[in-house]
Amino acid sequence: MTTQEIKSRYFQGARRKETWSGIPVKTVYTPEDIKDIDYARSMGNPGEYPYKRGIYADMYRGRLWSQRQITGCPTPKMTNERLRYLLSTGESAINIIGDQPTQIGIDSDHPWAEGCVGRVGVCVDTMDDMRQILDGIPLDQVSTMLTLVTPIALPSYMVLAEEQGIAPSELRATSPMVPPVLGAPVCMYGGKEWWFDMAKRQMKEFIDKLEYMTKKYPKIYVANYNAYNIRETGVGAAEEVAWIFANAFEGLKLITERGVDIDVVAPKVSITFSVMIDILEEAAKFRAARAIWARTLKEKFGAKDPRSLRLKYHVNTAGIIMERQQATINVIRAAYAALAAVLGGTQSLQVASYDEPIAIPTEEAATLAVRTQQILANETGVASVADPLAGSYYVESLTQQLEEKMQKIIDTIEEKGGMSAAIHSGYIDREMEAAWFKYQKEVEAKERIVVGVNEFTIPEEQDADVAVYLGKVDFDLVQHHIENLKEFKRTRDQAKVKKALEALLHATENDESDICDYEKECCKAGCTTGEVNGVKRMGIGLPYDPLGILEYPFA
Amino acid sequence: MADSIRVLLGKIGLDGHDRGIRMVAAWLRDGGMEVVYVGTHQTAERLARAASEEDADVIGLSFQGADHVPLCKQMLEQMKAHGLQDRLLVVGGNIPRVDIPLLKEMGVDAIFASGTPMSKSVAYIQENAHKKRSKEAK
Numbered sequence: 009m010t011t012q013e014i015k016s017r018y019f020q021g022a023r024r025k026e027t028w029s030g031i032p033v034k035t036v037y038t039p040e041d042i043k044d045i046d047y048a049r050s051m052g053n054p055g056e057y058p059y060k061r062g063i064y065a066d067m068y069r070g071r072l073w074s075q076r077q078i079t080g081c082p083t084p085k086m087t088n089e090r091l092r093y094l095l096s097t098g099e100s101a102i103n104i105i106g107d108q109p110t111q112i113g114i115d116s117d118h119p120w121a122e123g124c125v126g127r128v129g130v131c132v133d134t135m136d137d138m139r140q141i142l143d144g145i146p147l148d149q150v151s152t153m154l155t156l157v158t159p160i161a162l163p164s165y166m167v168l169a170e171e172q173g174i175a176p177s178e179l180r181a182t183s184p185m186v187p188p189v190l191g192a193p194v195c196m197y198g199g200k201e202w203w204f205d206m207a208k209r210q211m212k213e214f215i216d217k218l219e220y221m222t223k224k225y226p227k228i229y230v231a232n233y234n235a236y237n238i239r240e241t242g243v244g245a246a247e248e249v250a251w252i253f254a255n256a257f258e259g260l261k262l263i264t265e266r267g268v269d270i271d272v273v274a275p276k277v278s279i280t281f282s283v284m285i286d287i288l289e290e291a292a293k294f295r296a297a298r299a300i301w302a303r304t305l306k307e308k309f310g311a312k313d314p315r316s317l318r319l320k321y322h323v324n325t326a327g328i329i330m331e332r333q334q335a336t337i338n339v340i341r342a343a344y345a346a347l348a349a350v351l352g353g354t355q356s357l358q359v360a361s362y363d364e365p366i367a368i369p370t371e372e373a374a375t376l377a378v379r380t381q382q383i384l385a386n387e388t389g390v391a392s393v394a395d396p397l398a399g400s401y402y403v404e405s406l407t408q409q410l411e412e413k414m415q416k417i418i419d420t421i422e423e424k425g426g427m428s429a430a431i432h433s434g435y436i437d438r439e440m441e442a443a444w445f446k447y448q449k450e451v452e453a454k455e456r457i458v459v460g461v462n463e464f465t466i467p468e469e470q471d472a473d474v475a476v477y478l479g480k481v482d483f484d485l486v487q488h489h490i491e492n493l494k495e496f497k498r499t500r501d502q503a504k505v506k507k508a509l510e511a512l513l514h515a516t517e518n519d520e521s522d523i524c525d526y527e528k529e530c531c532k533a534g535c536t537t538g539e540v541n542g543v544k545r546m547g548i549g550l551p552y553d554p555l556g557i558l559e560y561p562f563a
Numbered sequence: 046m047a048d049s050i051r052v053l054l055g056k057i058g059l060d061g062h063d064r065g066i067r068m069v070a071a072w073l074r075d076g077g078m079e080v081v082y083v084g085t086h087q088t089a090e091r092l093a094r095a096a097s098e099e100d101a102d103v104i105g106l107s108f109q110g111a112d113h114v115p116l117c118k119q120m121l122e123q124m125k126a127h128g129l130q131d132r133l134l135v136v137g138g139n140i141p142r143v144d145i146p147l148l149k150e151m152g153v154d155a156i157f158a159s160g161t162p163m164s165k166s167v168a169y170i171q172e173n174a175h176k177k178r179s180k181e182a183k
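Line by line, the protein sequences give chains A and B.
For the first sequence, our numbering assigns the number 9 to the initial residue and increments by one for each residue that follows.
For the second sequence, our numbering assigns the number 46 to the initial residue and increments by one for each residue that follows.
Derived from the structure by calculation, the hints contain no laboratory data.
Be careful, since some hints might not be right.
To be verified - Simulated pairs of lysine-lysine, BS3-like, Cα-Cα distance not exceeding 27 Å:
| no. | chain 1 | residue 1 | chain 2 | residue 2 |
| --- | --- | --- | --- | --- |
| 1 | A | Lys-494 | B | Lys-118 |
| 2 | B | Lys-165 | A | Lys-454 |
| 3 | A | Lys-454 | A | Lys-507 |
Let's have the full structure, built from the sequences with the hints guiding it.
Here it is as structure tokens:
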């Protein structure tokens with residue numbers, strides 16, 4: 009290090025002059041920047057339309073956000089141990105994530121699942137797996153997010169609750185239940201023909217399920233749209249909100265066109281957002297998003313119920329901001345992102361563990377993430393007051409700019425015929441590609457500093473490896489799970505399985521309105537993720553196996 | 046250009062995270078290479094066949110699903126079965142450092158774990174793509 013370097017560092021100013029998403033930022037903001045904002049019309053108090061300042065008047069004084077860490081260890085048993093551990097550390101809700109085979113709707117013994125089982129989440133093949141995951145967790149006391157995607161997750165959850173004698177009205181859960189158009193990550197399935205095809209055909213089932221839940225399970229939210237995955241592709245804050253809203257609005261439009269009351273479905277819709285590390289831009293993003301949601305639901309959809317107008321959402325701190333290099337410093341990144349989410353008024357939060365770029369979190373890393381939430385909630389003071397950033401010249405100006413930008417993007421997508429048409433035409437893909445290319449160019453040119461990656465680096469060999477949650481032992485346990493599944497399939501009551509699957513097949517073919525009940529019967533009979541998913545595919549005219557290898561086993 | 050480098054990129058297995066590999070594709074094209082990106086949800090066999098048909102000098106895979114060890118093993122087996130041992134196999138993504146020596150020992154030529162500057166990956170491919178083919182041909 010030369011003295012020259014030290015001196016230039018001493019005089020170094022802030023290098024970036026725009027937000028993370030690229031909105032130019034001035035040196036200073038003054039009353040001039042917010043003179044056009046009419047408080048009563050465009051803001052209102054917290055708990056008042058258009059809810060820019062929060063969906064509840066008392067915000068976190070009434071109830072803190074749900075502190076729910078995404079959990080999915082290689083096997084159901086390990087996942088259960090982790091869930092119980094997290095609850096014992098003070099986590100207030102749970103969030104379970106499936107591995108790749110589970111999310112795509114195939115069983116752990118599928119030939120393509122080799123090497124993927126239990127790798128990025130838990131494998132759920134049968135209701136017994138769900139039983140094991142939730143063992144010892146009182147379902148009437150806990151709020152559960154089922155980021156499992158398998159069609160057996162929610163019905164299994166319901167059956168297990170019945171077994172525990174819990175009234176359906178008391179069951180509290182959120183599930184991303186393949187909402188119409190696209191509920192699944194754009195980046196994973198977007199552009200795949202079968203996905204649009206399936207989403208379109210599952211429209212009626214989706215509406216039926218919404219109505220079914222509203223009547224029987226009022227605290228289950230089945231329409232959770234995933235904006236997190238959109239943001240993870242590297243697009244900006246405005247795109248994240250605008251794209252998922254365009255997606256949700258398209259779905260709501262289709263539903264209301266079928267004569268369903270908007271105030272029946274809209275309260276059931278929730279979003280999973282990402283939160284990045286540009287604290288003030290992210291807080292402004294959530295404030296802008298709430299206003300757009302409320303205004304659109306009221307003015308365009310004619311919703312009257314305040315529950316329809318209040319945007320409910322869960323937030324995951326972004327995975328994309330977590331770096332492999334000097335991984336422990338990710339603790340700080342996640343904490344700043346979490347702060348942004350809370351300043352923005354979220355209802356639910358997951359803080360990513362610092363070892364996320366490498367593996368499923370170790371217990372130590374998972375604990376730090378829970379503690380991050382607890383410090384935020386109890387020590388920093390930000391939970392004491394609703395919408396603490398309101399009135400900041402910069403934040404209000406940024407909120408307004410983001411709101412305008414989001415609305416513009418929503419309008420553009422509408423002109424293109426809606427979100428599914430925009431994806432189909434390749435527009436969304438092109439936008440994403442341009443965004444991540446630009447991001448990488450900025451990183452390589454050091455226009456964007458990422459600590460430990462392109463500045464303040466250390467030699468690779470000095471970089472301590474975080475404990476890795478992968479290895480021979482886990483692999484053996486996973487292998488054991490697969491062997492158990494094969495054995496289970498051999499020894500279960502085949503006639504019962506066949507009967508339940510056929511009933512579901514016919515119900516799907518005939519568009520019956522209580523598909524959920526048939527799915528529950530399948531779970532009870534011992535049908536698997538792959539079978540239930542496969543039969544539902546067959547019911548709408550698609551091949552049994554999404555990967556085109558297996559045949560329906562009970563033909 | 047007779048000696049332009051042909052690169053085949055794809056993702057094998059179930060993991061759908063394709064941001065990294067698509068960025069690499071754009072970057073390599075920007076660097077003047079011929080890139081064929083075959084998309085997600087491929088098999089090792091399909092990829093090897095495509096590499097053979099496209100006469101690719103380089104095969105590039107990307108993993109975010111912690112399944113890189115078994116899937117790289119499959120890829121190397123398929124490369125052998127298709128007589129592609131002289132082609133460069135490069136791998137990127139979320140690769141824990143502990144697995145890097147293992148992958149190299151298996152026969153993966155280079156591993157560019159997430160956060161590697163694109164310029165570095167591009168330079169490596171530019172330098173080694175033809176070298177390996179001509180060396181193996183002797």
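Distance restraint between Lys-494/A and Lys-118/B, which requires alpha-carbon spacing of 27 Å or less: This hinted pair holds, its Cα atoms lying about 24 Å apart.
Straight-line alpha-carbon gap Lys-165/B to Lys-454/A, limit 27 Å: Answer holds: Lys-165/B to Lys-454/A is near 15 Å, not above 27 Å.
Pair hint outcome, Lys-454/A versus Lys-507/A [Cα-Cα no greater than 27 Å]: violated (62 Å)
In this structure, the one hint that does not hold is number 3.
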